[in-house]
Amino acid sequence: MTEIDQDTLSTASAARRHAAGENPEKRRQILDGAYEVFFEKGFDAASMNGICKAAGVSKGTLYVYFQNKEDLFVGLVEDRLTEFHIGLMAELAAESTVSGRLMTYSRNLIQKMVSPEVIQLHRIVIAMVERMPEMGDRFYKVGAAYFLSQLTEFLRREAQAGTLVIKDFEVAAQQFVDLSMATPWRERLFGRRQTAPDAEEIDLLARRAIGAFLTIYGV
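All residue numbers for the sequence shown refer to my numbering, where the first residue is 1 and numbers rise by one.
The reader is advised that the hints may include incorrect statements.
[What the hints assert, rightly or not] Simulated crosslink set (EDC-like; lysine to aspartate or glutamate; CA at most 16 Å straight-line):
#	residue 1	residue 2
1	K41	E70
2	K53	E40
3	K167	E153
4	K53	D32
5	K141	D79
6	K141	E78
7	K69	E134
8	K69	D32
9	K53	E36
10	K112	D44
11	K141	D71
12	K112	E70
13	K112	E40
14	K69	E25
15	K112	E187
16	K59	E78
17	K112	D203
18	K26	D79
Just so you know, these hints were derived from the structure itself, not from any lab.
Based on the provided sequences and hints, a complete structural model is requested.
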């Protein structure tokens with residue numbers, strides 16, 4: 001096969017993948033099957049055959065949507081985190097005081113980050129990064145980097161409106177996230193704590209985070 005033929009084939013394959021990706025129901029079906037397999041077996045033990053079986057699709061169909069297991073795992077992470085990001089951004093856009101919006105944001109952030117799903121995602125990625133460092137980079141970009149950028153812009157708008165006094169918005173965003181969930185997240189990630197905090201404890205953690213944050217940046 002000539003180089004031109006290979007390029008043409010590659011372009012056609014990408015076009016088919018893009019076209020097929022317009023079917024959200026089929027993509028959801030594959031991702032749901034992948035979720036089941038990845039979280040039961042982990043990344044290394046998961047197989048594309050097993051994912052096909054769990055999703056109820058053929059291997060040919062799966063490869064139209066995802067190039068390989070790594071691509072599928074990243075797609076799963078992006079899918080789950082996109083839903084999470086949408087919810088968080090909606091809270092920041094709600095009609096409330098800045099402290100009220102940050103309180104709701106903090107509660108939801110803690111609840112999600114200490115959930116079994118997210119803890120397992122982090123553990124899988126940590127186990128992968130030594131062999132595949134690019135996976136850690138992709139995970140960070142679709143996860144922490146994205147919601148930190150959105151939170152940074154929210155804080156910038158609030159400072160412009162005079163409700164907060166901030167000089168370094170990126171640092172402030174990182175501080176807010178760390179104040180909210182760093183301790184319970186680490187305890188869950190490393191197995192020091194086997195169960196997630198309940199709603200009452202999450203509320204307390206969020207209130208402490210807001211109090212500390214507004215002591216620094218409040219007007």
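Hint check:
no.	hint	verdict
1	K41 with E70	15 Å, holds
2	K53 with E40	14 Å, holds
3	K167 with E153	13 Å, holds
4	K53 with D32	11 Å, holds
5	K141 with D79	13 Å, holds
6	K141 with E78	10 Å, holds
7	K69 with E134	14 Å, holds
8	K69 with D32	14 Å, holds
9	K53 with E36	11 Å, holds
10	K112 with D44	25 Å, violated
11	K141 with D71	14 Å, holds
12	K112 with E70	23 Å, violated
13	K112 with E40	19 Å, violated
14	K69 with E25	20 Å, violated
15	K112 with E187	14 Å, holds
16	K59 with E78	21 Å, violated
17	K112 with D203	13 Å, holds
18	K26 with D79	14 Å, holds
Of the hints listed earlier, those the structure fails to meet are numbers 10, 12, 13, 14, 16, in rising order.
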